[in-house]
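Protein sequences appear in the order of chains A and B. Residue numbers for the first sequence follow my numbering, so the first one is 1 and each next one is one higher. Residue numbers for the second sequence follow my numbering, so the first one is 1 and each next one is one higher.
Hints are computed from structural coordinates only; laboratory data are not their basis. Check before you lean on any hint, since a few could be wrong.
Identical chains blur together in the list; that is why a pair holds if it fits in one copy or across any two.
Stated by the list, open to error - With a cut-off of at most 27 Å between alpha-carbon atoms, the simulated DSS-like pairs for lysine-lysine come out as follows:
#  : residue 1 : residue 2
1  : 9         : 22
2  : 9         : 108
3  : 81        : 4
4  : 22        : 108
5  : 81        : 22
6  : 81        : 9
7  : 22        : 4
8  : 9         : 78
9  : 78        : 108
10 : 108       : 4
11 : 108       : 81
12 : 4         : 78
Quantities reported herein were computed from a predicted structural model and do not represent experimental measurements.
There are 2 protein chains.
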Amino acid sequence: MNIKEASEKTGVSSAAIRYYEKESLIPAIDRTPVGNRDIDDRIIRRIRFVTQMRAAGMSIENLRRYIELFDAQEDNTKEQKALLQEQLAVMEEKRDDLQAAIDHLNYKLNHFYDHMEATEEELRQLEKEHADKITQEDDTPDGF
Amino acid sequence: MNIKEASEKTGVSSAAIRYYEKESLIPAIDRTPVGNRDIDDRIIRRIRFVTQMRAAGMSIENLRRYIELFDAQEDNTKEQKALLQEQLAVMEEKRDDLQAAIDHLNYKLNHFYDHMEATEEELRQLEKEHADKITQEDDTPDGF
DNA sequence: GCTTGCCTTGAAGTGTACATGAAGGTTTAA
DNA sequence: TTAAACCTTCATGTACACTTCAAGGCAAGC
């Protein structure tokens, strides 16, 4: 498939795919006789892997380092493993921070009582929860 | 406290704190008679809130929009709520992507067998798992 | 044969989120 | 009283991750 189809399939722009190839985040892509990129499923998987890791907050630089190690299939499994574990730890921390932020926003959302929407039942529920939590969580009296 | 102490307390650079104030991510900070910023705990909480949301991937722009709504304490709770919910959705998707990436890496890690480290027991375990999963998960035969 | 639509490379431009530097003011310590 | 160590504003610089532009090649349809 050509680069445009690959772009549509992955949601990554053609320019970004070229950029990823240039930065060695994906392997060198095969070319047709006239020099156009001919992208197969292996490349598509790699692009998706890159997208996933990028979404997870991994920098291009770190990703390239990781992929370099992975592609050079020598006896560096120990190094790979260490790198993987290191990256995992970073990502898990990130996930936990994200969850904390989500909890924070959810808490705020649940303690919003919107006069236009809240049913009496919801209001009672919110007040009850608030009474339960006021001593432990109202260290942020300004809402932040 | 002065800006340097606030910076040390929050882990946010002095320049970034000034930038946040300029961009209205935090309220206008009180000044000492000579014009230096005098930062109190309310500002510290705001800085921490910004840090948390930034770490969660919220842009300065969105954060400012949200805080503007929040600070203008009029009857915009519906709008605030909508904005919060929008942001929550973004963050939950991000968390899920991150979890998917974590799962991906964990899978790879569990299927690494490092000749230098793996005990025979671990090796047997890995082979067993591999046999169990080969049909369902080996859609990534190249490791990506 | 010309337009359309894809592709190529390389260079330059863009947006975000700060960081850094210049020029100067204030307070403390020797 | 002079140096150190803070601070101020405003302007400019920087890193990252692309995006856009310029200039041109190839293939199909009219």
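Problem - Violating hint indices (sorted, rising) - result: Going through the list in order, the structure violates hints 3, 6, 8, 10, 12 and respects the others.
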